[in-house]
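4 protein chains.
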Amino acid sequence: VLRSWFHGSAGLQSGSQSGFFPPVEGAMLPKGSFDNKVAFITGGGTGLGRAMTTTLSQLGAQCVIASRKLDVLQQTAEEISSQTGNKVHAVQCDVKDPQAVSQCVDQMESLTGLPDVIINNAAGNFVCPSEGLSPNAWRAITDIVLNGTAFVTLELGKRLIQKQKGASFLAITTIYAESGSGFVVPSASAKAGVDALYKSLAAEWGRYGHRFNIIQPGPIKTKGAFSRLDPTGVFEKEMIGRIPVGRLGRPAEIANLAAYISSDFATWMSGAVIRFDGGEYVWMAGEFNHLCCVTPEQWKTMEAMIRSTKGS
Amino acid sequence: VLRSWFHGSAGLQSGSQSGFFPPVEGAMLPKGSFDNKVAFITGGGTGLGRAMTTTLSQLGAQCVIASRKLDVLQQTAEEISSQTGNKVHAVQCDVKDPQAVSQCVDQMESLTGLPDVIINNAAGNFVCPSEGLSPNAWRAITDIVLNGTAFVTLELGKRLIQKQKGASFLAITTIYAESGSGFVVPSASAKAGVDALYKSLAAEWGRYGHRFNIIQPGPIKTKGAFSRLDPTGVFEKEMIGRIPVGRLGRPAEIANLAAYISSDFATWMSGAVIRFDGGEYVWMAGEFNHLCCVTPEQWKTMEAMIRSTKGS
Amino acid sequence: VLRSWFHGSAGLQSGSQSGFFPPVEGAMLPKGSFDNKVAFITGGGTGLGRAMTTTLSQLGAQCVIASRKLDVLQQTAEEISSQTGNKVHAVQCDVKDPQAVSQCVDQMESLTGLPDVIINNAAGNFVCPSEGLSPNAWRAITDIVLNGTAFVTLELGKRLIQKQKGASFLAITTIYAESGSGFVVPSASAKAGVDALYKSLAAEWGRYGHRFNIIQPGPIKTKGAFSRLDPTGVFEKEMIGRIPVGRLGRPAEIANLAAYISSDFATWMSGAVIRFDGGEYVWMAGEFNHLCCVTPEQWKTMEAMIRSTKGS
Amino acid sequence: VLRSWFHGSAGLQSGSQSGFFPPVEGAMLPKGSFDNKVAFITGGGTGLGRAMTTTLSQLGAQCVIASRKLDVLQQTAEEISSQTGNKVHAVQCDVKDPQAVSQCVDQMESLTGLPDVIINNAAGNFVCPSEGLSPNAWRAITDIVLNGTAFVTLELGKRLIQKQKGASFLAITTIYAESGSGFVVPSASAKAGVDALYKSLAAEWGRYGHRFNIIQPGPIKTKGAFSRLDPTGVFEKEMIGRIPVGRLGRPAEIANLAAYISSDFATWMSGAVIRFDGGEYVWMAGEFNHLCCVTPEQWKTMEAMIRSTKGS
Ligand SMILES: NC(=O)c1ccc[n+]([C@@H]2O[C@H](COP(=O)([O-])OP(=O)(O)OC[C@H]3O[C@@H](n4cnc5c(N)ncnc54)[C@H](OP(=O)(O)O)[C@@H]3O)[C@@H](O)[C@H]2O)c1
Ligand SMILES: NC(=O)c1ccc[n+]([C@@H]2O[C@H](COP(=O)([O-])OP(=O)(O)OC[C@H]3O[C@@H](n4cnc5c(N)ncnc54)[C@H](OP(=O)(O)O)[C@@H]3O)[C@@H](O)[C@H]2O)c1
Ligand SMILES: NC(=O)c1ccc[n+]([C@@H]2O[C@H](COP(=O)([O-])OP(=O)(O)OC[C@H]3O[C@@H](n4cnc5c(N)ncnc54)[C@H](OP(=O)(O)O)[C@@H]3O)[C@@H](O)[C@H]2O)c1
Ligand SMILES: NC(=O)c1ccc[n+]([C@@H]2O[C@H](COP(=O)([O-])OP(=O)(O)OC[C@H]3O[C@@H](n4cnc5c(N)ncnc54)[C@H](OP(=O)(O)O)[C@@H]3O)[C@@H](O)[C@H]2O)c1
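Protein chains in written order, with the working numbering: chain A, 1 to 312; chain B, 313 to 624; chain C, 625 to 936; chain D, 937 to 1248.
In short, the hints are calculated from the structure, not lab data.
As the structure is a prediction and not an experimental result, all values here were calculated from the model.
Hints should not be assumed to be uniformly reliable.
Here are the computed lysine-lysine pairs in the DSBU-like style, where the Cα-Cα straight-line distance is at most 35 angstroms [what the hints assert, rightly or not]:
1. Lys343(B) / Lys533(B)
2. Lys861(C) / Lys310(A)
3. Lys655(C) / Lys711(C)
4. Lys1236(D) / Lys782(C)
5. Lys934(C) / Lys87(A)
Listed next, the stretches of chain B that the computed footprint assigns to chain C, with coverage defined by at least 3 CB atoms under 8 angstroms from CB atoms of chain C [unchecked claim]:
6. 469-479
7. 497-509
Beta carbons: idealized from backbone N, C-alpha and C, even for Gly.
Bound conformation, chain A alone:
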C-alpha cells in the first residue's frame, strides 16, 4: 500500500497555484528612465533579448541590438521602434569573433556613441548526452557563451575606460550555472564562466565607474530556448511541476528586472547574482521537497510512526 503513495505524482506540484502569481507585463520603471541613454543588447532580435530591448526602448533608451542574423535584427528593430518611437539600431555581429565584435563596436560608436547599458544575452545551447559531445560541439557553445561574452565585455570595457565613461553591464546566465547540470554541459560550464567573469569585473572595474550584475533565469518560454531544450514539448509539464510559483516566466517579467538593474535606481548594485525562476532552483535542490505530494492522511500515519520511534 505504501509503495503506491506517490504513484503518478512523482513528487511534482500541480501548478494550480499559479493563480496567486499573475504575470504583470507592463513597463515598471518611470517613463524616461533611460532618456539620453544608449543600450547595447546582444541577441536582441529574439526571445528575452527582444523583450529587454522593447522595455528599455519604451523607457527612453536608444538601443543597439546585435547578433548574427541581420534580417531578424532589422525586423525586430523596426517593430520596436515603431511601437516606442525611439531608435533601435541593428548591427550584425558574431560575438565569438573578436574582430567582428570590434567592428560592431566601431559601428555603434559612430551611430550612438558608447553605451551606458550593456546586456550580454546572446547564447547557444542544446540538450545532448555528454558522451556524444565532440570537441567542436563543445566549442560551438562555449565560444559563443563564454568567449563571446568576454570579447564583448572586454572590448566595450576598454573603450569606456579610455573615455572615462561609466556603464552598467548585465549578463543573462542560467540557474544551472550554480549547480551544473548534465545534458547541457557546455552551456553549464560556459555560463558558470560568465558568472565568474562578471563577479570578477564587478570587483576590479568599479573604480572605472562600471557595475556588473547577473540574472540567472529559470524557464521562460521562448522559441530559441524551448526548441533546443525541449524539442518534443514533453518536459514542459514536468518543468512546471518543479516551479513553486506554478508557471513559466514571461519575457516581459525578466525585462522589467533587467531594466531595474540597468537603471540609476540600482547604482549601488554590483556583483549581484539574481536567480529569477519562480523558485525552481530551491525546489529542485532541497532534498525533501518531493514530500509535497504526501496527503494529510499519509502525514498522520507518518507522524504517528515518528512519535512511536524510540532511540537512535
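Position chains B, C and D with the ligands against the provided structure of chain A, taking the given hints into account.
Just chains B, C and D with the ligands, lined up with the frame of chain A:
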C-alpha cells in the same frame, strides 16, 4: 623598494569613483502599485525598516510596523502617514516571544486584515570577539534574528494558508550570511538560518500562493547598525575602500529594491537571494583584488618579470 | 506517444551502477594517528557519531562521547573500548543546556583534559509540513542543532584559548543546509546556522590554533535519521534513484573522512565545507538531470528535431 | 587617536599561530592503496601535479603524466619512479589541442590501458589588469584551463564508457572560482567553468561508474604559480596574513587529499567541491574579520560605546 609599494594603501580603493554611481532616492514603482495592499514590516520604526515602510506607503500600501519600542513606532507611523496620506499602524511586538507575535497578528487582523506583503527586517547585532560571548549573549541575538523571524513567518503563514490568501515574504539578512564572519558570529549564524528558512519555504509554500525572497545588504548607514558595528567610526573609511562602487548604500535605495521584490512585477521571483552591497562581497572574497593599488609602472615591472619566467 | 516516455521512471536512476562504487569500511589513516589525542564527540553513542568514535578509537584516540542517554553511551563506550583497547568515556549532556555543557566539559577536563579533536554531531530532526510547526517544535530542533552546537563550541573554545591549546573542530550538518528544504525546515535553518558558525570561527580563531570544518552528509542509513525522515521506508528507493553513485552511504565511510579532517594530515584545511553524498546534491539541483532516462532512440528523435529547428 | 588604531596592520594576522598547524608530508593512505591502478595526471611534471604523482606512485599506482614539455616530464618520471619503484610514464600533450589529447590517450591505452584515476591539474595563469587583456591573452588561459580540461575529460570519459570501466576524476581549480577575482579574470572564469563541468558530470555520468570531484586550493608555494602570480614576492607576506592557519600550504598536503579523494575510501564522494586553503577564503570574504587586530584595550572602549548606545 618593492616592499614599500603598498605602504599606506593596504590594497583598498579610494572611493573617488562614487561620482559614477549617484544614489537615486525617489520612489521607483508606478504610483498605486500597492493600493489596497497591506504591508507588515518588523523593525519598521527605524533605519532600513522605516525607509521601506515609507516607500510602500508612498506607493499606496496600508502599513503595519512592529517592534519593541511603541513610542518610536508611533512617531514614525505619524510622520510617514502625514507625508504619504496612507495609514501606518504601530503595533508593539517583541518578535522573540511567540505569544507577543500571535497577539500582534491578532491586532493586525482586526486593524487591516492579514497582510499581502511581509518584510522581516527586525534584528539585533553587535561586534565582539567570540571568546567573549556568553550563552545569553548568543541567545540575545539568535532569539531575535532567527527565532523571531521564524515565529513571525510561521504565524503569518499558517493564518494566510488557512484563509487561502497569497503573500510575498521578504527577509533582510546580510552579505556575511553567505561567508560567515568573525566578530559578529551570532548574527552570521542566525542570518544564515534565516536564508535557509526562506529558501526552504520558497520551495514548500509556493503551492499556497506564497513567495519568499532575501536581500543581503552591505553597509548602509543607519544609526542602529553603525552604532553597534562601528561605534568609533574608525572603520567607515576602510569599508568604503572595499566597496567597488565607492560609497555606502542609502536606505531609500534598498527600499526601492524591496518594493520591487514585494510587488506584482516580481510574482515570478521566489527563492532569490539578492546581494545589495555596492560590490563589497565580491571585492573582499576575490583573492587578487588587492592588486587594485598596483601602479601602471609597477605593473610594467611585474609583467616583465612574468614574461621572463621560464618553466614551472 | 511522447507523453509516455518517462512514465514510471520519473527521471530517476536505477542504482545498478553501485557495483562500480563498493564501500570500503576499514580504517584509512595510519595506525596511531590519534595516539595521545583526546576526541570529544557529541551524539557519539549512536549512528554516525558511534562510527566516528569507533574509527578515532581504533586510531589511538581516547574518546569522550556525550549525549542525553547515558545508558546508550555507556554501552557504546564499552563495546568500542573492548574492540579497540582504547578508553572511551561516556558523559551525559543535553547540549541545549549551557550549564549541562559546562559540567560535561568539567567532567571531561578531569577525565582526559581538554580535547584535541571535537566533533559536533548531535542533532534532532523530523519531517513535517511547516504549517504544522508550533514555536515549541521549532525550538525543539533549533535548540539542539544550532544553540547546542554553539554552546559546545564556545565552551570548549574559551577553555582551549585560555590554555593556549590548539584543536580541530568538525561539524556534521547536511546537504540541505546549502539549499534549504521544505518539510525539514527547522533542521535546514539550524544546520545552515551551524555552517555559518563554523566558517566564521575558522576565520576568527585560527590565530588561537583552531581549525573548523564541516561535512554535509547525504543519506547514510542510521536508525536515528531514517526512522524520523522516512518512517514508512517508502522514500528510500526514490532517494537511491537520485544518487549518481547508486547507493546510500555507510557510517564507516564518513568516519574515515572525519578522521582525515580531524588529523594532522589536514592541518591546512580550515573553513572547508565538504559535501559527502554520492553526488545526490548536484543531481537534484541540476535542471536537466532528469533526462537520464531518455533512451538512445528518443535522443535520436530529439536530436533530429533540434537540428531541424531554424531561428529563434 | 582612533584613526591610528590599525596603522601598519591593515587588518592582517601575524601568522605566528602556524606552530599549531605543522604540515605532515608523509603519505597518508595504506600502502598499496593504488596497486593495480593506473593514474593519469595532467601537468604532472611540476608543482602540485608532481606531488600528487609522487604520492599516488608511492601508494602503488602506475602513473602517466602529460604536459607540453617532454623533457621536464621525463626527468620527473624517472625521479619519482626511482624513488617509489613504480612505473611513471611521460607523454607529451598540449591539452588545448583535441587531437593531441586523443593521441595522448591512444599512447596511454597502449602503455597502461585506460586509467582508474584522472587528475586534471594542468593550467596557465598570470596576473594582469583586465583592460590589458587581448582576445588572444583571454584564450591563452581559457583554452588550456577550460577547453583543455573538457577535452581530456570527454576523451577519457567516452572511452571509459565504451569499455564500461569506472573511474575517479578530480579537477584542481582555485578558491576564486567561487567568488571570481579581479586581475586573474580569464583564470577565474575558466576555473569556474571547470567546477561546473565537474559538478555536471558528477550528476550525469554516475550511471557509468564515474565520480567527479574538485579541490579548490589556496596558495601553495610552487615555482609555476608564484612566479606568475607574485613575481616580485611582495605579496607573499600579505597572503600569509590572510590565512587563519598562518602559513602557505605544502604540495605534499594537497597530494594526500587528492589521493584520498581518488581512492576507494571515497567511492561515495562525488560532486564535492573541497576548499583547501588554510581558511583564506572565509577570512577574506567575512566582512568583519579585519577586526582581528583590535587590541583588548580597544575592545573595551568599543564595548563601552556600544553599551551606551540607546535606540536606533
Ligand atoms: N528562455 C529561457 O528559458 C532561458 C533560461 C535560462 C537562460 N536563458 C538565457 O537567456 C538568453 C536568451 O535566450 P532566449 O531564450 O531568448 O533564446 P534565443 O531567442 O535563442 O536567444 C539567443 C540569441 O542569441 C543570439 N546569438 C546566438 N549566437 C550568437 C552569436 N554567435 N553571436 C551573436 N548573437 C548570437 C541569437 O541571434 P542570432 O541567431 O541572430 O545570432 C539569439 O537572438 C540566453 O543567454 C539564454 O541562455 C534563457
Ligand atoms: N544597515 C546596515 O548596514 C545593514 C547591513 C546588513 C544588514 N542589515 C539588516 O537590516 C535590518 C535593519 O537594520 P538597520 O540598519 O535599519 O538597524 P536598526 O535601525 O537598528 O533596525 C533594527 C530594528 O529591529 C527592531 N528590533 C530589534 N529587536 C527587536 C525585537 N526583539 N522585536 C521586534 N523588533 C526588534 C528595532 O526596533 P526596537 O528597538 O523598537 O525593537 C529596530 O527598529 C536588520 O535586519 C539588519 O541586520 C543592515
Ligand atoms: N544519517 C543521515 O543520513 C544524515 C544525513 C545528514 C546529516 N546527518 C547528521 O548526522 C548526525 C548524526 O545523525 P545520525 O544519522 O547518526 O542519527 P542519530 O543516531 O539519531 O544521532 C543523533 C545523536 O544526537 C544525540 N542527541 C540528540 N539530541 C541531543 C541533545 N539534546 N544533547 C546531546 N545529544 C543529543 C543523540 O543521542 P541521545 O538521544 O542520547 O541524546 C544521538 O546520539 C546528525 O547531526 C545528523 O543531522 C545524518
Ligand atoms: N600553487 C598554487 O598556489 C595554486 C593555487 C590554486 C590553484 N592551483 C592550481 O594547481 C594546479 C597546478 O599548479 P602549480 O602551482 O603546480 O603550477 P605549475 O607547476 O605551473 O603547474 C602547471 C602545469 O600545467 C602544465 N601545463 C600548462 N599548460 C599546459 C598545456 N597547454 N597542456 C598540458 N599541460 C600544460 C605545465 O606543464 P608544461 O609547461 O610542461 O605544459 C605544468 O606542469 C593548476 O591547476 C593551478 O591552477 C595552484
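Does Lys343(B) pair with Lys533(B) here, judged by a C-alpha cut-off of 35 angstroms? holds, 27 angstroms
Closer than 8 angstroms, Cβ to Cβ, for at least three residues: run that test on the region 497-509 of chain B against chain C and report holds or violated. Per the Cβ count (12), the hint holds.
Pair hint Lys934(C) and Lys87(A), alpha-carbon separation not exceeding 35 angstroms: Status holds; Cα separation ~28 angstroms.
Hinted pair, alpha-carbon criterion (35 angstroms max): Lys861(C), Lys310(A). Please report holds or violated. Judged against 35 angstroms, a Cα distance of about 24 angstroms means the pair holds.
Check, residue by residue, whether the region 469-479 of chain B contains three or more positions whose beta-carbon lies closer than 8 angstroms to a beta-carbon of chain C, and give the verdict. Result for this restraint: holds, n = 3.
Pair hint Lys655(C) and Lys711(C), alpha-carbon separation not exceeding 35 angstroms: Roughly 16 angstroms between the alpha carbons, so the hint for Lys655(C) and Lys711(C) holds.
Proposed proximity, Lys782(C) with Lys1236(D) (alpha carbon, max 35 angstroms): holds, 18 angstroms
Of the hints listed earlier, there is not a single one the structure fails to meet.
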